[in-house]
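Take the sequences, apply the hints, and build the full model.
Protein chains: 2
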Amino acid sequence: MALEPETALQHPMDYLAVLSDIVPQAMKDGKVCKEEIIGIGSDFTASTVLPVTADGTPLCILDEFKVKPFAWVKLWKDHASQPEADEMNTLAEETNQPFLARYGGKLSSEWMFPKSLRMLRKAPHIYEKADKIIEAGDWLVWQLCGKEVRSSCQAGYKGMWSKSEGYPSSEFLNTFHPKFKSFVEDKLTGEIHPLGNAAGGLLPGWAEKLGMVAGTPVAVSIIDAHAAVLGSSVADAGKMVLALGTSTCHLVMNEENIPASGVAGIVEDGIAPGFAAYESGQSAVGDIFLWFLRNYVNPALEEKAKQAGKDIFAYFEELATKVHAGSNGLLALDWWNGNRSTLMDANLSGLMIGLTLATRPEEVYRALIESTAFGTLAIIENHTQQGIAIDELYAGGGLAEKNALLMQIYADVTGRTIKVAASSQAAALGAAIAGSVAAGSERGGYDSFKEAIAVMAHIKEKIYIPNESNHTVYKKVYTEYKKLYEAFGSYTLDTMKKLREIRDEANGIIKN
Amino acid sequence: MALEPETALQHPMDYLAVLSDIVPQAMKDGKVCKEEIIGIGSDFTASTVLPVTADGTPLCILDEFKVKPFAWVKLWKDHASQPEADEMNTLAEETNQPFLARYGGKLSSEWMFPKSLRMLRKAPHIYEKADKIIEAGDWLVWQLCGKEVRSSCQAGYKGMWSKSEGYPSSEFLNTFHPKFKSFVEDKLTGEIHPLGNAAGGLLPGWAEKLGMVAGTPVAVSIIDAHAAVLGSSVADAGKMVLALGTSTCHLVMNEENIPASGVAGIVEDGIAPGFAAYESGQSAVGDIFLWFLRNYVNPALEEKAKQAGKDIFAYFEELATKVHAGSNGLLALDWWNGNRSTLMDANLSGLMIGLTLATRPEEVYRALIESTAFGTLAIIENHTQQGIAIDELYAGGGLAEKNALLMQIYADVTGRTIKVAASSQAAALGAAIAGSVAAGSERGGYDSFKEAIAVMAHIKEKIYIPNESNHTVYKKVYTEYKKLYEAFGSYTLDTMKKLREIRDEANGIIKN
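Sequence lines, in order, name chains B and U. Using numbering that gives the first Met the number 0, the first residue of the first sequence is number 0, and each one after it goes up by one. Using numbering that gives the first Met the number 0, the first residue of the second sequence is number 0, and each one after it goes up by one.
Don't take each hint at face value.
One copy or two, either will do: identical chains are not told apart, so a pair holds if it fits within one copy or between any two.
Distance condition first, Cα-Cα at most 25 Å in a straight line; then the derived PhoX-like pairs of lysine-lysine [to be verified]:
(1) K321 x K497
(2) K481 x K496
(3) K474 x K497
(4) K121 x K401
(5) K401 x K128
(6) K496 x K321
(7) K481 x K497
(8) K208 x K305
In short, the hints are calculated from the structure, not lab data.
Right, here's the structure in full:
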């Protein structure tokens, strides 16, 4: 079965298989006995959605849907629903929908509503058969505790919901398809609960599989990046947390709820109570480095890495560290998977400029890292220019842990100090913090995130401080980055969009 | 000794060593006895220049200059003299120098005058010591026959000389440096002879080394690409010959001598008598493919090539053939070594756009080939828009011989039929044709190029005919190519130039 371009699927049973496998092993390795576990928290990518029956059975495990892509989990990075997102954006703007301001003026093709509308249009029989469409994170919690409770964090950031305004109106939804009118009532069942709540207690079957105590409180699901904020010990305004992984999420809190364009989502109490939480993101970061290192490293360099006893990531970090700021003469636009913030446009693509016959692989690699740092700076400036202060950066996630060069380049490019979460699994720690709050003090946990963080989350001793001379060089390169950002991002040069049209036509794909 | 960026050097004694080694072997392999050789022709890259003493001794073999870069041969692709070329262009334009029209309005940093001026400024002691500065092709002929005879082809295309107007005036040259005023009289000694003339007879010492007869006529040197025109059997107007190699030369004759901007050189009788010959070029073509295939092919693909019993070039041709026109969604500007025609700007650099996480190496490779085809189409259009007809393409050189995919892409992109020189060494055959004309009919050769070509040069049976459906797709991609060409080539977006400035500053190089 050929997939649409921009499709990214996962199978939901893998999530359960992983739990049964990893959790008992982790408890054994950590020498933790089940009585010590007072609460369970989980974080998940979002918007990662799947269609299920009334009892939560994923459609893709039913025989008739096994090979139907729309019955599988559509991963956050699935961008096939761009036409639907475009339509929703146009109409929302024309009809002045109040939710637009909460999403920086633009909805993303990654989200629940565009993905569900595409399913309705492209695979109506699957849409019909689905009793519910649900975030995978909420589905996992449901599996564990038997209760369909939806997370306010996921509904707020990815489901166009807010506590005061609810979901988009049925009038709005009706415009796209008569059956979409009742999408919310039909498919988005289940109560929405805030972070830190317990959705329910662990089911006996799962308690046995995981080696835990039945009834242990299971916390409402959190988006992985948002969990990383807690895991990075941030509970204040002005501290932007970068959850650096295959993609990057940028989260910062502000006391005032100021509307801001080019931000992916603004949710009141979205992370810590009392603050408006702003989310932005880069759709590909680590994925770009992986793309390059997996496909474009020649055998001689692989051999040298082996001889140095290093994996290819560590070896290229070493090589690229020797390349001085600005000396590669290269610049990239980090849009290998489109641009999430500040443009929210999946039609954009990666660009590299400045290539010469003397350009070396490690120079390309460094340019890729630099481009993601410039992308982060563009996001930071988008906040500060609209009155949301960003004084310091905190970083968590695999890249922050492993790649000192990357962290230093981010400090040099942004001109800001970066602190790194002590835990190499900041998101998982954040989920654990949510688990401890879901348990509450009476079970030995905490009654607020602030209390939990004070005890459970830390930063590393090593703090990255901007090198002023590199910062001066990077300011110049960033000026060029912004020129290209504006030319290609505003379609003054619409080549990226045109190439995509030509590509889709050449591949016989009519996008609609 | 650190080299300036953009420097490319060769050692002149390598040229002689190669002759002594290769010529006797080739005669042996070809079962040719010395009496059968009636004339000697040689072709050479240009402008490839070196400083020598009065007797022709290269300065770089003298002890005091052995490690001095400016004493070595500066290869055509050496672009370090861009500042000098820029200055000359500015002044020539301001003072309306007549030679400008012959060079499409712009002199190149690759040529004799900018390279010599840079030597005078950066290494004045070497300039002083040089009794002559000479094209390597002319120097080689001098070595063989003991006579310093300069080629009208090299002087015309690369030395700012024309039969009717001579060299630039000493007033013009004086502006750049007082000692440059008498550059022509001081350094450019030796008579200028037209193509097909004999410069002299083979010296006895060389006759012995090569296993030839002393006194055999040695033809005046020809530029390699121009020789390829003869070797491709072209002696008419409207047939553009592409000499496809590490770089590409584009040569076409026209009955009328029409001035044309963006052309690298226009020389009356520059190839065949009675025609104005137009030269354009792309500074890197095969070099770009080499850059990619040598540095960016991963071990798994190398292994697969091995298993298929193919070298990496043949294997990537096979992979890239399966990529349909337009389906890679990629586009490159083929400026890895700057742009020779139509912009004559060495500050430009390579660009690739449309990259995604799904982009595969063979798609990148195909985009690189396509970009050089688009560059050739831009050159063709620059001619036709100025009234110089181009009806058919002829191709010679290593790439034309070996890479059927490349030839088909060129036909599809340009919408023109391409004939390929039968000889895999079209330039060498052209040189041999010049040798036979230098010998003349009385020694068993020919009295004109036309007669010689009729007998000696042929085209292959396989003719590349444009695929109309691919041509339609490529027209759309070319529209995008031209958009980027104009934006970056006109400095509407001056990022390439700025990146180069930042790079040079980061590397501690002050360009002047």
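These are the hints, each one checked on the structure:
1. K321 x K497: between (38 Å within a copy, 22 Å between copies)
2. K481 x K496: The answer is both: 19 Å in one copy and 15 Å across copies each meet 25 Å.
3. K474 x K497: So K474 and K497 pass the 25 Å test across copies only (12 Å; inside, 31 Å).
4. K121 x K401: For K121 and K401, the Cα distance exceeds 25 Å both inside one copy (42 Å) and across copies (46 Å).
5. K401 x K128: neither (45 Å within a copy, 57 Å between copies)
6. K496 x K321: Result: close only across copies, 24 Å inter versus 36 Å intra.
7. K481 x K497: Both, since 21 Å and 13 Å are each at most 25 Å.
8. K208 x K305: neither (40 Å within a copy, 49 Å between copies)
Hints 4, 5 and 8 from the earlier list are contradicted by this structure; the remaining hints agree with it.
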